[in-house]
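Starting from two chains that each stand alone, build the complex the way the hints lay out.
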Amino acid sequence: MAEGTHSVPPGAAYIRARACGADRRLHTPGRLARPCGRRGLFAGWGTRRVISGLEIDDLAIRRGERTLFEGLNFSLAAGEAVALTGRNGAGKTSLLRAVAGLLRPAAGEIRFTGAPDAAEARAREVHLLGHLDGLKGGRTAREELRFQSLWAGGDEASAGEAAARLDLGRLLDLEVRKLSAGQRRRLALARLLAAPRPLWLLDEPLSPLDAVWRVRLGAIMADHVAGGGMILAAVHDPLPIPARALELGA
Amino acid sequence: MRPLGVLLGRELALAWGRGGGPLPALTFYAGMTTLLPLAAGPEPERLAAVATAMAWVALALASLLSLDRLFERDFEDGALDLLVLGEPPLELVCAVKCLAQWLSTGLPLAFAAPVAAIALGASPALAPLILLCALIGGLAFAFVGGLGAALALGSRRGGLLIAVIVLPLFAPPVIFGGGVLDAAGAGLPWTSGLALLAAWTAAAASLSPLAMAAACRNALD
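Those sequence lines, one after another, are chains U and G.
Here the numbering used here is used: position 68 in the first sequence is 68, and no number is missing along the way.
Here the numbering used here is used: position 109 in the second sequence is 109, and no number is missing along the way.
Excised from the complex, chain G in its bound form (with noise of 0.2 angstroms):
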């Protein structure tokens, strides 16, 4: 396993060193929640309605950026080769790379999740589930999001490609989540919304790897 801890050090010292780690998406994230209520207008009871909603929304879209850069700047300067004739499978290489990208982007923005919320009107008690989702929903986020970037590899305009493929998938765990926190702002049992959340991450985290790895040598081919 030592290699994988060696490859989950340099994917989040190349996250932080370039790309400045997690402050492009809180960033942009803050930007999101700062502009929507301004579009959305001034009544704090309109805005409080869909709080959590914007919240997560803007979640998912700040865990698209910094996406394209993934794989391709391993393939484009030839460590994905490296990586491929490694020891581990490739397939455990790119789940690797997916955690790291969940611990550089996801889970700060998990953290920011809750005061974005908060400022735009949801009830401070909701903090900690908004909190959870965020945790869960990132990881799928970043799962699904690493193989958007896999499948468009090599391509012109890869990070265009990048949302259209994963725009769709995550549809899914944006109804899950925003079900969650509607319900739980109700006073509504919500427990089984945060199952389905939780069982749709699994699945990417267990099952993108396999797509991942062969876009992957797909690519290289």
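Next comes chain U alone, as it looks inside the complex (with noise of 0.2 angstroms):
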């Protein structure tokens, strides 16, 4: 496991904003939050806690008999992007679904600082973007946007603001199926915007994306992470933001 310098920039900005009720402030200035507090019929559903930095320890994933990687160490604080390499099949997707909590990993732990259920906080602080976009090719890009923002815990303006930002506009009226690769993985990032979460779990983002999407990708992960986010992004080519590099099976 090759892990680059660790440096720790300041990620307080993001905490203080997303402590109570001003959770939106990181794409959406001025807007009004949801109100916190207790909403759901569950302890914790609605209690809102803010992570500030991801730690995995003596982590080892298998996959039948198969093991990707093992006694994998490293930490992501506010405000850091981490570019996840490795040769195909090395477990970056796996690493990345362990972390969200959708695959058992045979050994090690995960934890959220600041978080200590992890359940809750997947629920509610982590993104994951991956091959598998979730979008339905049968409805509207409109119907899907909306249906995925508000899911993940955005609301109308927001889902609004983040098909502007990423230029969504004439494209929300057509069926998803009609979308080009690019378009579909620009609409599928949309909830990452609509529903500030600090914690993005991003599978290959910049794949399907064209040369000057990628740059404005790029802005867009800089103002997450400038804003006290994290990435934690699974990349062959070099992610277009400043980040610690982390190979897998080196």
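It is worth saying that the hints were derived from the structure and are not from the lab.
For every residue, glycine included, the Cβ atom is placed at its ideal position computed from N, Cα and C.
One should not assume that every hint holds.
[Said to hold, decoys possible] Partner residues aside, some chain U positions facing chain G, computed with beta carbon under 10 angstroms: (1) GLU65; (2) HIS131; (3) LEU132; (4) GLY137; (5) GLY138; (6) ARG139; (7) ARG146; (8) GLY153; (9) LEU174; (10) ARG191; (11) ARG197.
[To be verified] Simulated pairs of lysine to aspartate or glutamate, DMTMM-like, Cα-Cα distance not exceeding 20 angstroms: (12) U/LYS178 x U/ASP210; (13) U/LYS178 x U/ASP167; (14) U/LYS178 x G/GLU76; (15) U/LYS178 x G/ASP77.
In structure tokens, the structure reads:
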């Protein structure tokens, strides 16, 4: 496991901004945030905690008989981006899915700093954007944008702002199946902007995008990190923002 | 609770958009209740004796349709990942999906059931009770069917597996509902049968989401 130098840029601004109420400030300045406090049936569903880091201890992931990697240690602090590299099949996607809680690691621990309950942190603090974007081909881009944004914790207004920032305006009335791969990826990215969550887990976020949109996504990522967000991205091309490198299977 | 409302709207839109809503199930139901008398013979007395039972069993079979897409389409296109990473617990997500299945399929079928039974020769006086049984039983069929759909996630020939898992679990509501309608037709007390049907539905609706959520997590792992 090769890990670059560890530097901790100040991420406190994001945490302060999101502590209660003003959690939309990251991408959408000046808008009213949803009320804090308990809204749900279940204890903890509705109370808001903000994670300020990700710590991975001695992690091992096995798929079937094969051990993808073991003994992985790294940490990610607020305001940091990590570019996850490695050959095909090294376990980049599996690592992202393990952090998202979708895949049970064979050994080791994944902790979210500032959140005692990992499941709760994943339910409200983590975005995962993978190869499969969950978009339904038969529905319009507008319907899918609205569902994904509201489901992730955004609202109508933030979904509209995200669509504007990703220049989706002319595409919204088209069925998702008619979008190109790059347009589809931009639509899937909209929920990351519409529902601010500090930790972004991105699997090959750049691959279907053209040169212009790679630069623009770089700016979006830079804003997220500058606001105290965290990015863990599996990539083959370099990330368009300063990022620490972590190579799997080195 | 707001995300769950959004999810319910999406599930209903998906059921209506791609699957044609209740139309396949209703067509299947109409087909079965038309073909059964052709096979059973032309005597009205013989038909009337089993009219409610036929309508009831056909209802159970019709609610099996379109179950295979309930979780599978979200599993295939990655939407299940998104649903797992949402704020509401996965158990409630599964319950909402089953509720949407009932609203889009079970509810229209329940209104078709008295029509089918009367057309087969049941007494029109039984219509309200048939509707009530179909409403309650349909909810059990939706939740038990959802359990089968979640357990069959990711398997080849999922539709077959769903039927094999679900049919034994359909037996109690079919027995209770059939018993209620049989007793009511014969002028016997039927409330205990209805209570058993409601109890089975309550158990299915409260317990199967736990199993569905576990099955979904297992399929994603």
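Which of the listed hints are broken here? 1, 9
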